[in-house]
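Participant: In case you want the letters, here they are:
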Amino acid sequence: MAQQDSGRSEAADAGTVPGQPSGGADGASSMGPRAEEFTREISELKLSGSSAETEARALKLGIAGLVIPIVMAIVGILLVMSTSDAADQRAYASQTFWLGNIIVIVGAALFIRYSLGRYLRFWMIRLIHEQRAQTDRVVEALDRMSVRQD
Amino acid sequence: MMTTPAGNPTGPEPIEMVEPIIELQGIRAAYGSIEVLHGVDLSVRPGEVYALLGPNGAGKTTTLKVLSALMPPTAGKVIIAGRDVTGSRAEDLARAGLAMIPEGTGIFPNLTVRENLRMATFTGKKLSELEEAAYGRFKRLGERRGQVAGTMSGGEQQMLAMARGLATDPAVLILDELSMGLAPLIVEELYGVVAAIAQGGVSIIVVEQFARTVLGVSDRAAIMVHGKIRAVGEPAAIEAELSSAYLGGQ
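As they're listed, the protein sequences go chains L and X. Each position in the first sequence, counted from 1, maps to that position plus 51 in this note's numbering. Each position in the second sequence, counted from 1, maps to that position plus 101 in this note's numbering.
These are calculated hints, taken from the structure and not from any lab test. Where a beta carbon is used, it is the ideal one built from N, C-alpha and C, also for glycine. Just so you know, not all the hints are guaranteed correct.
What the hints assert, rightly or not - Below are the EDC-like pairs computed for lysine to aspartate or glutamate, each with C-alpha atoms no more than 20 Å apart in a straight line:
#1 Lys329(X) to Glu340(X)
#2 Lys240(X) to Glu290(X)
#3 Lys226(X) to Glu88(L)
#4 Lys226(X) to Asp185(X)
#5 Lys111(L) to Glu95(L)
#6 Lys329(X) to Glu124(X)
#7 Lys226(X) to Glu289(X)
#8 Lys178(X) to Glu230(X)
#9 Lys226(X) to Glu216(X)
#10 Lys226(X) to Glu204(X)
#11 Lys178(X) to Glu106(L)
#12 Lys111(L) to Glu136(X)
#13 Lys178(X) to Glu136(X)
#14 Lys178(X) to Asp193(X)
#15 Lys226(X) to Glu106(L)
#16 Lys97(L) to Glu204(X)
#17 Lys178(X) to Glu92(L)
#18 Lys226(X) to Asp193(X)
#19 Lys178(X) to Asp136(L)
#20 Lys227(X) to Asp185(X)
#21 Lys97(L) to Asp185(X)
#22 Lys178(X) to Glu124(X)
#23 Lys240(X) to Glu289(X)
#24 Lys97(L) to Glu136(X)
#25 Lys329(X) to Glu192(X)
#26 Lys227(X) to Glu216(X)
#27 Lys240(X) to Glu230(X)
Unchecked claim - Covered stretches of chain L, going by a simulated chain X footprint (3 or more residues, C-beta under 8 Å):
#28 83-92
#29 105-118
Generate the whole structure from the sequences, applying the supplied hints.
Facilitator: Here is the structure:
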């Protein structure tokens with residue numbers, strides 16, 4: 052294949068693009084109408100506090116949610132043991148119990164969602180690759196069969 | 102003219118200051134605990150054809166996945182049209198006009214050419230319009246409109262993938278290994294179409310392992326090795342760096 056050192060202007064002649072507007076001579080630096088429309092659409096996108104570390108943070112939050120109730124339980128026991136008033140003991144016990152349960156449920160949900168989510172994503176990618184390879188093998192086999200029949 | 106990874110120009114020509122349409126800042130990405138991108142900085146200007154080159158396993162496809170929001174980065178920012186879109190959904194970017202043709206085409210092999218094009222009618226365009234554009238651009242597809250896509254040759258499948266990607270009228274087109282497994286004549290035909298598309302003002306990012314194919318249609322190119330950009334510059338300058346990058350001379 053002949054190498055084209057002079058850039059894309061020569062290569063463009065080899066392709067046909069019906070309905071495409073002609074670009075300017077300095078296409079690399081001009082913002083065409085589609086690019087302006089794209090910029091407008093991107094600016095209108097509703098993005099909720101995008102962050103590269105959302106998954107990692109949520110996972111850490113989930114782990115914290117699993118650990119904090121243990122600490123709360125220990126603190127609750129110490130508080131109960133520090134008083135002889137039955138009403139106070141019941142108050143300490145129920146508050147740490149209910150609050151701890153809520154935190155552990157939320158923490159477990161976050162942990163499962165963000166650890167399983169990553170695993171399932173990789174599993175799905177692998178499944179797609181395997182199915183694609185399978186289809187290629189089937190097509191190859193069909194080609195070989197049709198060649199033999201000929 | 103070439104620049105070092107730090108972005109400092111190494112030649113006398115001034116760099117035109119145009120706000121990039123795509124920018125990656127300090128991108129890190131990992132598969133599980135294995136980090137594959139170690140701080141990638143990249144910028145693509147509007148209407149530019151930008152080639153991302155590098156040997157197998159350099160992290161090129163991962164970079165494209167992060168860019169198109171198919172994979173979240175572990176650090177860094179993805180800035181598109183001046184807006185930080187890190188962590189956004191891939192379908193939102195696709196709806197706005199970012200189209201990606203993945204490695205291996207991504208067509209539905211058990212559907213016909215026509216049915217594959219029908220998949221792109223989610224943009225609101227009629228199938229007849231999409232077919233007219235696709236068959237006008239790739240006459241061979243028109244001859245095989247009723248053929249099951251998985252039984253077509255590699256080149257024809259790639260044409261179908263491009264036709265389907267272009268049916269969404271993208272402002273940014275990402276091509277991953279367009280030439281993989283294809284004959285040189287087909288590759289030349291496809292890159293002719295790429296160049297023609299770029300003339301229409303579409304920003305194009307092309308990832309290729311076989312560099313010389315794409316350098317002829319690029320405005321700028323970058324070499325990626327071991328998850329980092331090693332050099333950025335004009336195609337002629339980058340071509341001189343290719344052998345050392347691929348053979349580990351740097």
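Participant: Does Lys227(X) pair with Glu216(X) here, judged by a C-alpha cut-off of 20 Å?
Facilitator: With Cα atoms ~13 Å apart, Lys227(X) and Glu216(X) stay inside 20 Å; holds.
Participant: Keeping to a limit of 20 Å between CA atoms, is the pair of Lys178(X) and Glu136(X) held or broken?
Facilitator: 16 Å, holds
Participant: Within 20 Å, alpha carbon to alpha carbon, are Lys240(X) and Glu289(X)?
Facilitator: Status holds; Cα separation ~15 Å.
Participant: Verify the proposed pairing of Lys226(X) with Glu289(X), using a straight-line Cα cut of 20 Å.
Facilitator: 29 Å, violated
Participant: Given the hint that Lys97(L) pairs with Glu136(X), test it: the Cα-Cα distance must not exceed 20 Å.
Facilitator: Roughly 30 Å between the alpha carbons, so the hint for Lys97(L) and Glu136(X) is violated.
Participant: Between Lys178(X) and Asp136(L), does the CA-CA distance stay at or below 20 Å?
Facilitator: Given pair Lys178(X), Asp136(L) is violated - Cα atoms ~56 Å apart, limit 20 Å.
Participant: Would you check the hint for Lys226(X) and Glu106(L), treating anything up to 20 Å between C-alpha atoms as holding?
Facilitator: 36 Å, violated
Participant: Compare the distance between the alpha carbons of Lys240(X) and Glu290(X) with 20 Å, and conclude whether the hinted pair is satisfied.
Facilitator: It holds: about 12 Å lies between the C-alpha atoms, which stays within 20 Å.
Participant: Would you check the hint for Lys97(L) and Glu204(X), treating anything up to 20 Å between C-alpha atoms as holding?
Facilitator: 29 Å, violated
Participant: Is Lys226(X) close enough to Asp185(X), meaning Cα to Cα at most 20 Å?
Facilitator: 29 Å, violated
Participant: Compare the distance between the alpha carbons of Lys111(L) and Glu95(L) with 20 Å, and conclude whether the hinted pair is satisfied.
Facilitator: 31 Å, violated
Participant: Is the straight-line distance between the alpha-carbon of Lys329(X) and that of Glu340(X) 20 Å or less?
Facilitator: Holds, because 18 Å separates the two Cα atoms, which is no more than 20 Å.
Checked against the numbered hints given earlier, this structure breaks hints 4, 5, 7, 8, 10, 15, 16, 19, 20, 24, 25; the rest are met.
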